[in-house]
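K.L.:
The C-terminal position of the sequence shown is numbered 194 in the working numbering, with every residue numbered one higher than the one before it.
Keep in mind that a hint or two might mislead.
[Claimed, not checked] Calculated cross-link-like contacts (lysine to any residue; reagent style SDA-like; alpha-carbon spacing at most 20 angstroms):
hint, residue 1, residue 2
1, Lys51, Arg35
2, Lys51, Glu121
3, Lys106, Leu43
4, Lys178, Leu43
5, Lys194, Lys106
6, Lys51, Gly40
7, Lys102, Lys178
8, Lys194, Gly180
9, Lys51, Arg151
10, Lys102, Arg155
11, Lys194, Val141
12, Lys106, Asp181
13, Lys194, Arg(-16)
14, Lys92, Glu121
15, Lys194, Ser76
16, Lys51, Ser76
17, Lys178, Lys194
18, Lys51, Lys194
19, Lys194, Lys102
20, Lys51, Leu103
21, Lys51, Gln70
22, Lys178, Val90
23, Lys92, Lys51
24, Lys178, Lys92
25, Lys92, Arg182
26, Lys106, Asp32
27, Lys102, Arg160
28, Lys51, Gly180
29, Lys92, Val53
30, Lys51, Gly122
31, Lys106, Arg35
Hints in this document: simulated from the structure, not taken from any laboratory.
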Amino acid sequence: MVRDGWVMVIPLAALAVGCLVVGYLAPGLIWNVLAAVFGALALFIGFFFRDPARRVPPGEDLVISGGDGKVVTVEEIGNDPFIGGPATQISVFLSIVNVHVNRIPISGVVKLRERIEGEFKLAFKDEASGDNAQMVLGIEGDRGRVLIKQIVGFVARRIVCNVHEGDEVRIGDRFGLIRFGSRIDVVVPAGTEIRVKNGDRVRGGETILGVLK
């Protein structure tokens, strides 16, 4: 479990134990109910912030998914300023039950890190890519540039991003998360061999989204 999870799980677990102790010393149904509520919340938070190990697939010039979830959009973009021309955007919706640790899609150097303020529309809607608050990372690798966007949703309001401009990153590295439902967009240069389609389920750090040409 990531640190963001522990800072919430520990207090909730302590409250649950405290309620059990009080209920033992001064019996009352309310203490058992409160202990059950705090305990259930601690379990849910622990589940949400889980951080399973992932194995990056072998191969050259791969672009892998930045998060777990469902592919909701694969669309062409006429021009992306960071990519420097036409591009393809692959959008993944992360529901509240998905792993929310985000991973780097290609190896390279972070050339862009920009936080964009915006709205909090439902993350599975197409307009969320342009309208919602987000953190944008641009990575330059040996075969070109790739963007990855951490996009908030209706419930998700906090983006954690632990890399900065100039950092060297490796494919599959953990770099952040978005709390409680979100969206990850990966933008690749036109001509990239796309390996996924709408409706596919993907795993961050493992599923190949495309192969750079």
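K.L.:
Are the hints correct? Go through all of them and say.
P.N.:
Results for each hint:
1. A hinted pair counts as satisfied when its Cα atoms are at most 20 angstroms apart, and Lys51 with Arg35 qualifies at roughly 18 angstroms.
2. Between Lys51 and Glu121 the alpha-carbon distance is near 26 angstroms, which puts this suggested pair outside the 20 angstroms criterion.
3. This hinted pair does not check out: Lys106 and Leu43 have alpha carbons roughly 27 angstroms apart, beyond 20 angstroms.
4. For a cut-off of 20 angstroms, the pair hint linking Lys178 to Leu43 stands: about 16 angstroms separates their Cα positions.
5. Proximity of Lys194 to Lys106 is assessed by CA-CA distance (about 29 angstroms); at most 20 angstroms being required, the pair is judged violated.
6. Of the pairs offered as hints, the one joining Lys51 and Gly40 is violated, with about 23 angstroms between alpha carbons and a cut-off of 20 angstroms exceeded.
7. Taking the CA atoms of Lys102 and Lys178, the gap is near 23 angstroms; set against the 20 angstroms cutoff, the hint is violated.
8. Simply put, Lys194 and Gly180 have alpha-carbon atoms about 24 angstroms apart, too far for the 20 angstroms limit, and the pair is violated.
9. Taking the CA atoms of Lys51 and Arg151, the gap is near 23 angstroms; set against the 20 angstroms cutoff, the hint is violated.
10. For the hint pairing Lys102 with Arg155, the CA-to-CA distance comes to about 26 angstroms; that exceeds 20 angstroms, so the pair is violated.
11. Restraint check for Lys194 and Val141: not satisfied, since their Cα atoms lie roughly 31 angstroms apart, outside the 20 angstroms limit.
12. The suggested pairing of Lys106 with Asp181 holds, with an alpha-carbon distance near 16 angstroms, which does not exceed 20 angstroms.
13. Of the supplied pair hints, the one linking Lys194 and Arg(-16) is violated, its CA atoms being roughly 37 angstroms apart against a limit of 20 angstroms.
14. Taking the CA atoms of Lys92 and Glu121, the gap is about 6 angstroms. The hint holds against a cut of 20 angstroms.
15. Note on Lys194 and Ser76: the hinted pairing is violated, with a Cα-Cα distance of about 31 angstroms set against a maximum of 20 angstroms.
16. Between Lys51 and Ser76, the direct Cα distance comes to roughly 8 angstroms. Compliance with the 20 angstroms bound is thereby established for this hinted pair.
17. A hinted pair counts as satisfied when its Cα atoms are at most 20 angstroms apart, and Lys178 with Lys194 qualifies at roughly 19 angstroms.
18. A distance of roughly 25 angstroms separates the Cα atoms of Lys51 and Lys194; the hinted pair therefore is violated under the 20 angstroms criterion.
19. Distance hint between Lys194 and Lys102 is unfulfilled; the C-alpha atoms sit about 34 angstroms from each other, more than 20 angstroms.
20. For the hint linking Lys51 to Leu103, the alpha-carbon distance of about 14 angstroms falls within 20 angstroms, and the restraint holds.
21. With a CA separation close to 14 angstroms, the supplied pair Lys51 and Gln70 stays within the 20 angstroms bound.
22. Among the hinted pairs, Lys178 with Val90 is inconsistent with the structure: their alpha-carbon atoms are about 28 angstroms apart, more than 20 angstroms.
23. Restraint check: the Cα-Cα separation between Lys92 and Lys51 comes to about 28 angstroms, which exceeds 20 angstroms; the hinted pair is violated.
24. For a cut-off of 20 angstroms, the pair hint linking Lys178 to Lys92 is broken: about 28 angstroms separates their Cα positions.
25. With a CA separation close to 29 angstroms, the supplied pair Lys92 and Arg182 exceeds the 20 angstroms bound.
26. Between the alpha carbons of Lys106 and Asp32 the distance comes to roughly 26 angstroms, so the proposed pair goes past 20 angstroms and is violated.
27. Pair hint Lys102 plus Arg160 holds up; C-alpha atoms about 15 angstroms apart against a cutoff of 20 angstroms.
28. Our distance criterion of 20 angstroms between C-alpha atoms is met by Lys51 and Gly180, whose separation comes to about 6 angstroms.
29. With a CA separation close to 27 angstroms, the supplied pair Lys92 and Val53 exceeds the 20 angstroms bound.
30. For the hint pairing Lys51 with Gly122, the CA-to-CA distance comes to about 26 angstroms; that exceeds 20 angstroms, so the pair is violated.
31. Straight-line distance between C-alpha atoms of Lys106 and Arg35 comes to about 28 angstroms, which puts the hinted pair past the 20 angstroms bound.
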